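Q: The lines below spell out each chain.
Protein chains: 2
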Amino acid sequence: MGLIQTFGAFVGISGLLSGVMADPFNGTPPQSYGILFFPAFDVIDVYGPLEVLQSLGSLHHIEVSFIAETLEPVSSERLMVDKLNSTGFPSLTPTHTIHDSPELDVMIVVGGPGMTSNNLNATIDFIREKTPQVKQLITICTGSGLAARSGVLDGKMATTHKTSWPDIITYGPNTTWLPDKRWVEDESGSPPIWSSSGVSSGLDLMLHFVETYYSLENATFVSKMLEYVRHTDPNDDPFAYNGTLSARNCRRDRN
Amino acid sequence: MGLIQTFGAFVGISGLLSGVMADPFNGTPPQSYGILFFPAFDVIDVYGPLEVLQSLGSLHHIEVSFIAETLEPVSSERLMVDKLNSTGFPSLTPTHTIHDSPELDVMIVVGGPGMTSNNLNATIDFIREKTPQVKQLITICTGSGLAARSGVLDGKMATTHKTSWPDIITYGPNTTWLPDKRWVEDESGSPPIWSSSGVSSGLDLMLHFVETYYSLENATFVSKMLEYVRHTDPNDDPFAYNGTLSARNCRRDRN
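Protein sequence lines correspond, in order, to chains P and W.
Each residue of the first sequence is one higher than the last, beginning at 1 in full-length UniProt numbering.
Each residue of the second sequence is one higher than the last, beginning at 1 in full-length UniProt numbering.
The reader is advised that the hints may include incorrect statements.
[Said to hold, decoys possible] Covered stretches of chain P, as calculated for chain W (at least 3 residues, CB under 8 Å):
#1 33-44
#2 83-91
#3 124-138
#4 193-199
#5 227-233
Source of the hints: derived by calculation from the structure; they are not laboratory data.
Because the structure is a prediction, the values reported are computed rather than measured.
Using N, Cα and C, we set each Cβ at its ideal position, and we do this for glycine too.
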């Protein structure tokens, strides 16, 4: 472990103990984001955080790269044979490959049914190599399972898509998986690693990120633009995994 | 007005008076959806409803077409000059043009900053011509402004993106715009026209649509997959327009 990592771990642990997080961006709000994706990605895992960044991009200069193994369009279509033969799975074209990715302040690893594929070794290697080079790692939904496959979640706390819970946590036997968090902020190392629960919870993580590293005013601006009522308490998880895969509540009026 | 339209209007009005909605699908859940979009569309306006339909597509056979003026990829990039020069505005490639659109049970007109463009005459003509041929029209966010430009909202009730309220309602001088609804269901004619407020409220409209025309169980399944806490009361609008563009609440913990 190099000096920077040692220092980062020290700041992270001391921050955790004191209840004060270290700022991985040293007071300068992040500008460059990279979204890492793969075949059969989940569309809201990508476009939820992206919508937040697009709105934020009218207040701050924001750069978003879309990173995959090649520059070919990547389909969101499920890989499994679907006997219902439903359609409506568009592609997203990367701007960069894992071989020429730009410098990033923040890497966002998304999820989706394709994250269990055996053909993602190059993507998984990239996560392992790139993570120490970014200032913050964010995983959305089952993206934490993909990050776990690379080893970067070893010794960390994380959460994931609650409906996929029993399957995903097997990818991280050395990770402390928290089943009742809307999102988790592990600040114990460098970079910090924040992981969201499923799909729309990524909006809550991202808006909390904006509040933390830009301002509450910016987060409120984006929430209003999206007409999205934020969940601001990561410990209030309406979909907490309790071993039976039942959601406590899917309807706001029954809270 | 032809016989079918007259009958539709009659059923709509009687349904409204009796409090029972007519079923435009005659008991057979809809299968074919078309998402109509244009340059500088809002990404969640498209991908929010799409995520719902993709999840529903694992329970029912669902077909989703992506319809634009040509088959060229359509960029989500803002048309206005942005001095911040932010990046991160991917394209979506249509599956159909407005000249060869398939038969649709449901047409979804999305919004986004591009809806004010003067170059959308062909898209607006298409909305006017296609609407009488579909069983249900849905607008998301400022998509209701585009629908209003075509005339199909004349004499109807509708709502739209609250942050864009004063601008959008000018497109529909003959529309009754409701400023304090999360979404609006106008059942007075054929097809029925449902309009959502901004961006994420489209998820609530779509999940209510699934509950209404598929089942509550299906809507709950999709909500759980998305880990999305539904707003189930269209009259509970946290972002109601009150003339000052202030949101009542962007944070769930302050409700």
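Q: Against this structure, judge whether each hint is valid.
A: Hints versus structure:
1. 33-44: Satisfied; 4 residues make the cut.
2. 83-91: Answer holds; 8 residues pass the 8 Å Cβ test.
3. 124-138: It is violated: at least three residues are needed, and the stretch 124-138 of chain P offers just 0 whose Cβ sits closer than 8 Å to chain W.
4. 193-199: With 3 residues closer than 8 Å to chain W, the stretch 193-199 of chain P meets the three-residue bar; holds.
5. 227-233: holds (count 7)
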